[in-house]
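Please model the complete structure; the sequences and the hints are all you need to start from.
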Amino acid sequence: MSRFLLPLLLFVSLLTSVSSAQESSRTEPWGDEIVELFQTLPVQDNGRVKPMGTLAGLRLFMLNGKRTLKLPSGEKLGPTEWALDTIFHPEQAKDYACIRIENDAILTLVELDAKRKRDWYSYNELLPARTKISREAGRVFDKREAGEELNVVDKQIQKLDIDLRRFEGLMGMMEPLRIQLPTNATEPLRELFGEEPSVGSMALIEKKAEFNALRQAAVVNRDETYDAAIRVLDTISASFAKTRLSANLIPPPSEEHVQHLHELGFDWVDGEEWWGITETVSIGVQGTAPDQVEMLAALQGMVHAGADQAAFLTSLRSLHDKAETLATARGEYKHIEREISLYAADPFWRALYLFVFAFLLMLASFLGAKLEPLKWGGWAFTTIGLGLVVYGITMRCIIRERPPVVTLYDTILFVSSVMMVVALVSEALFRTRVALTMAALVGVIGMFVAGNYELREVASAGDTMASVVAVLDTNYYLAIHVTTIAMGYAGGLLAGFLGITWILGQLVGLGARHKAGFKALTRATYGVVAFSLVFSIFGTVMGGVWANDSWGRFWGWDPKENGALLICLWMLFVVHLRLGGYIRDRGLATMTTIGAGWVSFSWWHVNMLEIGLHSYGKIDGIFDKLITVYISLAILAGISVIDHFIKSGRGPAAH
Amino acid sequence: MARKLQGYGPLGVLINVLSSFWLACALLACMMYLTFFGTYAQIDIGLFEATKVYFTSWFLWRDLGAFSLPYFPGGKLCMALLALNMFIGGFLRLRITKRTIGVVIVHMGIAFMLVAGLVKLHWSEEGKIGLMEGETSAYFDSFQLWEVAIWDMDQPFTGTELVIPDEHISDLTGDERRTFTHPDLPFEIELSGFVKNCSMQPKGPNWQAAGPVVDGWGIFELEPMVESERNVGGLHINVIAEGEVQKGLLWGRQFAPWTVEVGGKRWAIDMRNERYLMPFSIQLDDFIKDDHPGMSMARAFKSHVTKINGDGSQEKVLIQMNEPLREGDLVLFQSSFNQFNGREYSVFSVVRNVSDKWPEYALWVTTFGMLWVFGTRLVLFVRRQSKRTSAPGASS
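Those protein sequences? They're chains G and U, same order as listed. 199 is the number that the working numbering gives to position 199 of the first sequence; each next residue is one higher, with no gaps. 249 is the number that the working numbering gives to position 249 of the second sequence; each next residue is one higher, with no gaps.
Calculated directly from the structure, the hints in this document are not laboratory data. Please note: incorrect hints may appear among the correct ones.
Claimed, not checked - Subject to a maximum C-alpha distance of 27 angstroms in a straight line, what follows is the list of computed DSS-like cross-link-like pairs (lysine-lysine):
(1) K208(G) x K322(G)
(2) K94(G) x K155(G)
(3) K387(U) x K515(G)
(4) K519(G) x K247(U)
(5) K196(U) x K247(U)
(6) K625(G) x K159(G)
To be verified - Here are the in silico distance ranges between beta carbons for each label pair:
(7) F59(U) x R350(G): 56 to 64 angstroms
(8) F59(U) x I631(G): 31 to 39 angstroms
(9) E323(U) x L613(G): 16 to 24 angstroms
(10) T628(G) x L69(U): 49 to 57 angstroms
(11) E210(G) x Q314(U): 37 to 45 angstroms
(12) L367(G) x F59(U): 53 to 61 angstroms
(13) R326(U) x S632(G): 45 to 53 angstroms
(14) R377(U) x L613(G): 33 to 41 angstroms
(15) S632(G) x D63(U): 56 to 64 angstroms
(16) T628(G) x S296(U): 32 to 40 angstroms
(17) Y476(G) x R377(U): 25 to 33 angstroms
(18) K334(G) x S296(U): 23 to 31 angstroms
(19) K357(U) x G649(G): 35 to 43 angstroms
(20) A459(G) x E323(U): 31 to 39 angstroms
Heads up, the beta-carbon is just placed ideally off N, CA and C, and yes, glycines get one too.
Written out as structure tokens, the structure reads:
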């Protein structure tokens, strides 16, 4: 607990002791050019350079559960506007109800009044309990360290603490440029800086030569100016505490200049890690970094502009030009505009609407022969929706410079799109309309699940395009193993969907009336099983080949490997049962229904067993859903078997 | 289609059974059972034990107190029968035509994969090397297996020692004991009371030592660890010379070997992880943990090493994740790292496996076969469909 108390006390003392200047409120909506320039500012966060717009979106999404925020005044803020307010008008942002509390039990825990079971709160509403929240988070940390299981409230209080720290990080990001410095404490200092206290660290950086000379002289003379100078430096240092968990938006200098900084004693500087305000101010005060200090000056101009958006824009332009020039020279600006376009297009969410519409059209098309032309609408909407999903996946690949599947979130998008492609191909071959309906349904489910899972991924990894661990740093195996195994999952799940449709169709009595249609559905299912088998076996064995190159063993019986093997074995089992004549149409449908359960087990469940090399720990909410899926599939398969016995005259109904 | 053998008597029946579809289905179902429960067993008994119980065993055994009974075929039996089933059913008895050639290729590919697994299981050596920067090693140590090494302490070390391997040690549980002699040894060694995981402690009143207490010290038996490589084995040893018995305890993490004096000469006896020599030495020059910018997450672990060959020649080599050092059937992988007193320490996994690349070759063969099988069927189907739709009166 003590490890939390110290920074906490420091934080609280800073809140009270460090006086800031230039606190102001925004009086009009942010101008378009300001938003445009600010969102395309490059920042380094979570190991990669991304647009400020993306960072703002991720932070707001983590806090708010949405990428937009509606104010009581009716003004709707996008992530960039919200970040502008939070960074440059923090006192105003403290009143925004942008912090989502999922469970009011955590408010009871920290002795705050809850509004509803789930609601949104402002920072100022939570501020009275800030210390308690940190203390509770410390308790949860200790509990985790002791190996104890965390309950829902534990996890949420910990998340709230992290969310608040991130929010504080953004609010305090410009603190060293906003801080009031005691530069008028002695006469020599007043002669240098003027009668009024200086505001922002740039005041010192601009006059650092004279200031250092004054300080040196004060050391020799041992007079009060020495202590006063130290107080100025201490004030700046104290302001650094608030910049933690902010963002690094200043590219480092060239390798030669980094060497020069090493000679000056800045050993921590490297040519890759971007600088935050803290690092830039430190080097600005004690070293040299002209480009970076120029950016700092622009930032200080933005801070001091207050509500004057024209002055703000002038400084922002200067900052953006410099940032773009430096980042471009480093080859790190090339995907900034693309990423902004991706988030602006919001392809997965838009595709969801199209899939819903396509699915409804397809359902309607089954109602009568006259409505059959509706299927062309279904084709059109599904295809356009799929196009949007493929666009989104492709853009993510280009931005990350990685194959399509790296994270669990990626697998949802990729598996859904492969399922849709296979379903559309099946529809083209077998023309059952069922496969087309399945394609639309898969789109709905896939995009919905992706949308829900995105928040978990952002909360845990900080990004949906997060950096990868060392063993995954190989595009060859990511492309050849991970994508093929995901295609195997897609085939297995789609076969399950088709099998379920077959069983349900039979249960409602459609089988006798549409024998040819059901025959075609069986052929489509078998084709999808074959597809899944090929990709599952290739992907699984290729995983072994990768493991052999990474760890020295082709097959280690790791849970993830075993999960993939289970799919292969199940598919082989089904194919051999079919080839051996042990199962026919109903058997295939029943077996593929169960197979969907195996796919779910391999795709999600084995990651939560907390053993092996692919363990991500138990993912709240998903475990329960998986159990529901298994039970539902097992019940459906059981009903199918009973239905078979009844219809074949061997069941109780036949008597 | 597989041809049924008729008129060959019991042999024919056996071949029919071994090549049947139902046997293939039954074995696949058994493999699923083993894979599923073998995965869950890892939570309680760890990967190493679960692999032994479920996947590399002939049978699963149920302990009934006085005796044990096999209650289910183990992974080794299932895979052996599956390979046989594929070989007989999918190759010997299949009529090879243009349509079935793909099936034959698939079965041969998978059978080859299983053979590769068998070769790896029985004829490979696995272990690790841990090196501080500047250190050199010409051998690697097993993760789980133990050995007892004996050498003459009064002779200059020639690199030759007598070794009792794990297979003669790890079964010496309970009252089992085994005596070892060698023409170069002036004494007999009797080993007994092997304990899989233990510590050595001064015998106190509150705990029961596993086996006899020696000089006030006993073997304190511990629960086996789920991560089996963390187990530290222990043994009782008797050195018998000219009717005199010297009793001792051996422990896998002892700092120095146990020494005995026989006939005026001093002998060292050490228990350690099984040790395998490499045809070259490895010196760790520099280890680098390369983090993503601004994060503590590593994007690369790199070991710059010098490979010192038998003839004294040297090569600079970089070993990193996904880029091991391969030399013949020996492969060194970047495994993990640590820091001690500011010095970096790199751990390499080492595997000597003649079938190293066989699974990859088998994969390409199998994939080719599967594409042949399903590709030709798809083409046939599409042709039939297009004929059907182009036929007069056909409609969608």
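Hint check:
1. K208(G) x K322(G): 23 angstroms, holds
2. K94(G) x K155(G): 24 angstroms, holds
3. K387(U) x K515(G): Since the Cα atoms of K387(U) and K515(G) sit roughly 21 angstroms apart, the hinted pair holds (cutoff 27 angstroms).
4. K519(G) x K247(U): 78 angstroms, violated
5. K196(U) x K247(U): 20 angstroms, holds
6. K625(G) x K159(G): At roughly 22 angstroms apart (the allowed maximum being 27 angstroms), K159(G) and K625(G) satisfy the hint.
7. F59(U) x R350(G): 56 to 64 angstroms: The hinted range 56 to 64 angstroms holds for F59(U) and R350(G), with Cβ atoms some 57 angstroms apart.
8. F59(U) x I631(G): 31 to 39 angstroms: 32 angstroms, holds
9. E323(U) x L613(G): 16 to 24 angstroms: 18 angstroms, holds
10. T628(G) x L69(U): 49 to 57 angstroms: Violated, since T628(G) and L69(U) (Cβ atoms, about 38 angstroms apart) do not stay within the stated range.
11. E210(G) x Q314(U): 37 to 45 angstroms: Since E210(G) and Q314(U) have Cβ atoms about 57 angstroms apart, the given range 37 to 45 angstroms is violated.
12. L367(G) x F59(U): 53 to 61 angstroms: 58 angstroms, holds
13. R326(U) x S632(G): 45 to 53 angstroms: 48 angstroms, holds
14. R377(U) x L613(G): 33 to 41 angstroms: 37 angstroms, holds
15. S632(G) x D63(U): 56 to 64 angstroms: 37 angstroms, violated
16. T628(G) x S296(U): 32 to 40 angstroms: 37 angstroms, holds
17. Y476(G) x R377(U): 25 to 33 angstroms: Taking Cβ atoms as reference, Y476(G) and R377(U) lie about 30 angstroms apart, which means the hint holds.
18. K334(G) x S296(U): 23 to 31 angstroms: At roughly 27 angstroms between Cβ atoms, S296(U) and K334(G) fall inside 23 to 31 angstroms, so the hint holds.
19. K357(U) x G649(G): 35 to 43 angstroms: Distance hint for K357(U), G649(G) is violated at roughly 56 angstroms.
20. A459(G) x E323(U): 31 to 39 angstroms: 33 angstroms, holds
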